[in-house]
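Visitor: Chain residues, written in single-letter form:
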Amino acid sequence: MSFPLLTATAVVPAIGAIATAAVPAAKRTAAKWLALLFSLATLSLAAVIAVRFDPGAKGPFQLTESHAWIQDFGVRYDLGVDGIAVALIALTALLIPFVILAGWHDADPSPSSQLRSSRGGPNEGAEPNRPYSWRPTQGFFALILAVEAMVVLSFEATDVFLFYIFFEAMLIPMYFLIGGFGDRAGGRGEQQAAAQRSYAAVKFLLYNLVGGLIMLAAVIGLYAVTAHQLGAGTFSLPQIVQARASGALTLGTGTERLLFLGFFFAFAVKAPLWPLHTWLPNAMGEATSPVAVLITAVVDKVGTFAMLRFCLQLFPEASSWATPVILVLSLISIVYGALLAVGQRDIKRLIAYASISHFGFIILGIFAMTSQGQGGATLYMVNHGISTAALMLVAGFLISRRGSRLIADYGGVQKVAPVLAGTFLVGGLATLSLPGLAPFISEFLVLVGTFSRYPVIGIIATLGIVLAALYVLVLYQRTMTGPVATEVRAMPDLKVRELVVVAPLIALLLFLGVYPKPLTDLVNPAVQHTLSVVDKKDPKPTVRVDAVPGGGRHGGTAQTQDVEAAK
Amino acid sequence: MENLIALLVAAPLVGAALLLCGGKRLDRTGHWIGSLLAVASFAVAVVLFADMLGKGAEHRALHQHLFSWIPVGGFRADIAFQLDQLSMTFVLLITGVGSLIHIYSIGYMEHDERRRRFFGYLNLFLAAMLLLVLADNYLLLYVGWEGVGLASYLLIGFWQHKPSAATAAKKAFLVNRVGDMGLSIAIMLMFTTFGTFAFGPVFAAAGDASEGRLTAIGLVLLLAACGKSAQVPLQSWLGDAMEGPTPVSALIHAATMVTAGVYLITRSGAIFNLAPDAQTAVVVVGAVTLLFGAIVGCAKDDIKKALAGSTMSQIGYMVLAAGLGPIGYAFAIMHLVTHGFFKAGLFLGAGSVMHGMNDEVDMRRYGGLRRYMPVTFVTFGLGYLAIIGFPGLSGFFSKDKIIEAAFARGGTEGWILGGAALLGAAITAFYMTRVMLMTFFGEKRWDPEEFHPHESPKVMTVPMIVLAVGSVFAGGLFSVGDAFVRWLEPVTSFAHGHSPVSAGVVTAATMVVLAIGVGIAWLMYGRKEVPATAPRGSLLTRAARRDLLQDDFNHVVLVRGGEHLTRTLVYLDHSLVDGAVNGTAAAMGGLSSRLRQLQTGFVRSYAVQMLGGAAVLVAATLLMRGV
Chain A
1 MSFPLLTATA VVPAIGAIAT AAVPAAKRTA AKWLALLFSL ATLSLAAVIA VRFDPGAKGP
61 FQLTESHAWI QDFGVRYDLG VDGIAVALIA LTALLIPFVI LAGWHDADPS PSSQLRSSRG
121 GPNEGAEPNR PYSWRPTQGF FALILAVEAM VVLSFEATDV FLFYIFFEAM LIPMYFLIGG
181 FGDRAGGRGE QQAAAQRSYA AVKFLLYNLV GGLIMLAAVI GLYAVTAHQL GAGTFSLPQI
241 VQARASGALT LGTGTERLLF LGFFFAFAVK APLWPLHTWL PNAMGEATSP VAVLITAVVD
301 KVGTFAMLRF CLQLFPEASS WATPVILVLS LISIVYGALL AVGQRDIKRL IAYASISHFG
361 FIILGIFAMT SQGQGGATLY MVNHGISTAA LMLVAGFLIS RRGSRLIADY GGVQKVAPVL
421 AGTFLVGGLA TLSLPGLAPF ISEFLVLVGT FSRYPVIGII ATLGIVLAAL YVLVLYQRTM
481 TGPVATEVRA MPDLKVRELV VVAPLIALLL FLGVYPKPLT DLVNPAVQHT LSVVDKKDPK
541 PTVRVDAVPG GGRHGGTAQT QDVEAAK
Chain B
1 MENLIALLVA APLVGAALLL CGGKRLDRTG HWIGSLLAVA SFAVAVVLFA DMLGKGAEHR
61 ALHQHLFSWI PVGGFRADIA FQLDQLSMTF VLLITGVGSL IHIYSIGYME HDERRRRFFG
121 YLNLFLAAML LLVLADNYLL LYVGWEGVGL ASYLLIGFWQ HKPSAATAAK KAFLVNRVGD
181 MGLSIAIMLM FTTFGTFAFG PVFAAAGDAS EGRLTAIGLV LLLAACGKSA QVPLQSWLGD
241 AMEGPTPVSA LIHAATMVTA GVYLITRSGA IFNLAPDAQT AVVVVGAVTL LFGAIVGCAK
301 DDIKKALAGS TMSQIGYMVL AAGLGPIGYA FAIMHLVTHG FFKAGLFLGA GSVMHGMNDE
361 VDMRRYGGLR RYMPVTFVTF GLGYLAIIGF PGLSGFFSKD KIIEAAFARG GTEGWILGGA
421 ALLGAAITAF YMTRVMLMTF FGEKRWDPEE FHPHESPKVM TVPMIVLAVG SVFAGGLFSV
481 GDAFVRWLEP VTSFAHGHSP VSAGVVTAAT MVVLAIGVGI AWLMYGRKEV PATAPRGSLL
541 TRAARRDLLQ DDFNHVVLVR GGEHLTRTLV YLDHSLVDGA VNGTAAAMGG LSSRLRQLQT
601 GFVRSYAVQM LGGAAVLVAA TLLMRGV
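Order-wise, the sequence lines are chains A and B. The first sequence runs contiguously to residue 567 in our numbering. The second sequence runs contiguously to residue 627 in our numbering.
Bear in mind the hints are in silico, worked out from the structure with no lab data behind them. Bear in mind the structure is a predicted one, so any value in this text is a computation, not a measurement. Be a bit skeptical, because a hint or two may be false.
As the list claims (entries may be wrong) - Calculated pairs, DSS-like style, for lysine-lysine (alpha carbon to alpha carbon, straight line, at most 27 Å):
1. A/K495 to A/K27
2. A/K537 to A/K58
3. A/K415 to B/K24
4. A/K517 to A/K537
5. A/K415 to B/K162
6. A/K495 to B/K24
7. A/K415 to B/K171
Chain A on its own, in the form it takes in the complex (with noise of 0.2 Å):
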């Protein structure tokens, strides 16, 4: 048997959280530096997953493993990668090393960390009138690592009751990060801040939950149908896409699309979809921002990924259905997340409307069901992560200076940390799409993707990228431009770690806009093989471009891909 590489990325960061849970109280630092190392050992395990895979490789998923678990319920560990959980893992595998140093001091405790141990903590076992067992730093990295090693899972898992309960797990360590770590720019006092905080995260906790509820009902309903049809219930995709296709299971009409809502519910309560999104805000405004970047860079991938992975390949003719809706649904996101995003006055809000935006385009990428719309939306999900981790961050490098997170409460900044400034510029450039960074290649690919079935939704959807550049532009206008205001003038710039953090990030953003053609090729089969699951092909051009003679070299492309669309 070969060494199990999909299970050892998961336990790994699993393990670290273990560890870093189990440092005593007074070594605090040493937590931390176990908790990166971890961190980075998964990161260079995601690696060895990409480089072991093969995207031309036959066959749907990769570097399988496969366990009977509850045999009486026909669950199994399936384990299994295609070119986009491998994209995934290595984003999620990518950030946590940056997620953990940029939030390397949210976690120490200070003097009002007792107010924060009484209403209950992430470490099981502590009393609350025993404060020197509290361990606050240990319990927000080993929480961060935990959520790091479950959602590895959920990317890998092709069992659907597998990935359903690493899907539901992740909900209690998220819950924890949010209601227990604020990010101390209060001003409000601390009491009230942490009641905010708790609102946000029962808030997330209710909308994820009953997603989950649903969810849960369809999952046990998909097993019904294949245990009546099959002789044996199953939960394994792959088997059930097979069945699907020879004939061997048929889904009524009504009872595929009660199971394919019953799905999607959950992921778009996660994704989030309008009108669902109303958790985002608030758990994206109180989380401190590295928790932040995971709940919109990771967690939330997590809805779309599944859209893609389990919606459109258990459920297919449900979700051509379903079409129509989801998209306009998407295109709502779109435009009201941007809108919104132009009307927030704090920081950390601003960018949770935006992210809401973008995962509009996201969604409308997945169900455009083209070529490239799926592929952009692939890409869209990696890029946005990067690029969202270096805007919030930097936000958070920012509040963390002045202790407020209100717009209005900065100005002139970019005049006494001129790094800071330039790279939240950077950040914000990367989240209005600008070419050149690699958020312009994804939502491209999707616009166009949309526009080549779907013109007049594809139309509607550029005026995204007007609006995206109202609300990063106000924002760095008002943040960083003109008069000092009196409270940043003795703002420091971006330390060494905040540099370590920012720097591999924007570069990474430059070099995915300029050369993204490994991503491309890792996404591009797993998405064709998506689309022949749904039985869908790309529209065809109106003038067919090689008839005509002198189109030379670019004609030649233009066969190539004739060529395909023919197979």
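Given chain A, work out where chain B should sit, using these hints.
Guide: Chain B in isolation, oriented as in the chain A frame:
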């Protein structure tokens, strides 16, 4: 030879990277590095130009394919360059004028503590602009297109501690983004129509597409051009863009970037030629803008804003010419190049005046400066003669041809367009004479105690002299044996227009309106004393001072309207959407009422719920097995 093309872009790009990431240690040498790399790019351009001249007209286009950029399904975008006669013309203009302005800025920005960063941005601009004109497909062009927008944003807002500069920069970027929407949609349309958006195949296949498609593509391309080239209705940003340092106004907002729209239309000639309705839209936009800009230019007392109005108007001429099709493309580009010389020269002259006048921009506080700044006076004067189309100077040749071509469109349209172009020429003569008289002639309207006007250093005057020489001779040189038209013909194609009025009559008419324009200006500003404070003026004057009320319209409709919309949405998101979802949840399971209870004993009840859920799960699966 084609391997050199990438070097054109790479040199300034390296400069930008060095200067922007290099930190303080490059503060003392940064401006030299930046200028050197600009000149290096120019040198490469000259080598490529010489090589091109050595080849036959049909074999001059060079290609350089670097790598496959975005391959997704049928969507193929490459990083690939194309250098033909049209691109070459732009490359020489961009690197040539760009180098001169880099050198000028060494003096102009001498006392600015952020000079290194300024040169970094200038280099970034050069790289983006070169990418724009060298790309061999529309998507790569888009990268350059937004790249120059970014550079323009950074440079307009260079003195961003001034709120007015920061606002102007944001406005420029936003208005440009509206235009960029047009370019995005154009590329999407091309992709769905032709399956590609590379120049060669699209132009070759254009004939097979329906006219409706081509018209749609043409119109959205026009929208893009309007944004970048400050044409009506997207012209409002250019006046505010004068907040940037003057070398920026000269390079980006006069000589090069704002002409990108003309490049786009000319480059897409194969599409426009087959879409007459789109062409009509182009000429209308051009004609309207050439008058709009000219009228605005008449009313401004700020020397840079007067010149900005003029730029808008001159680009209007180019757009008009480009909309005329093969009878106009070559003249549009020719005017673009000569305009590049004289308008850059005029702006540098204005900068030189400001340099000697404590950054005063109000022409009503100038007067009689010719005695104090002889070099600036002479170079500015030559640029002035060139732009109004004084016989023998550059503008005479290029503008005259455009007016002729406008008449040659034929029919009533031809008369209207030709008339508009002639009227524009008269107004141009008027407002430029006004600028000239108010600045260099008449009585001193400044306090000698406060102002000590002086000539600028050599590093500034030499570029001005070079540009003045170009303003004088370029037009004549291009017209010897129709050299310029024949140079561009293989790319843009050329057709002789058949004007209902003979060339001689057009020239004579142009001379007459020029004389009228100059005469009126002299009567108003030369014979009479210029009041140091602006008179109230007529209704039109007052409207023109406010950019013909465009900004007021924008403010009321877009800014206010937008603010109301977002504020309402923020309110509704909180009360309605959030409330509705919470309410639904409450109705479904009483979740909302349990919220407070959950918050208190949360961990325990959650554990209970998990347990309950698991029990339900097990029970359900057991039941299902029985089915």
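Visitor: State for each hint whether it applies.
Guide: We went through each hint and held it up to the structure:
1. A/K495 to A/K27: holds, 23 Å
2. A/K537 to A/K58: holds, 20 Å
3. A/K415 to B/K24: OK: A/K415 and B/K24 at ~15 Å, within 27 Å.
4. A/K517 to A/K537: Distance ~22 Å between A/K517 and A/K537 Cα, so the pair holds.
5. A/K415 to B/K162: holds, 11 Å
6. A/K495 to B/K24: The given pair, whose Cα atoms are some 16 Å apart, holds under the 27 Å limit.
7. A/K415 to B/K171: Holds: A/K415 and B/K171 sit about 21 Å apart, inside 27 Å.
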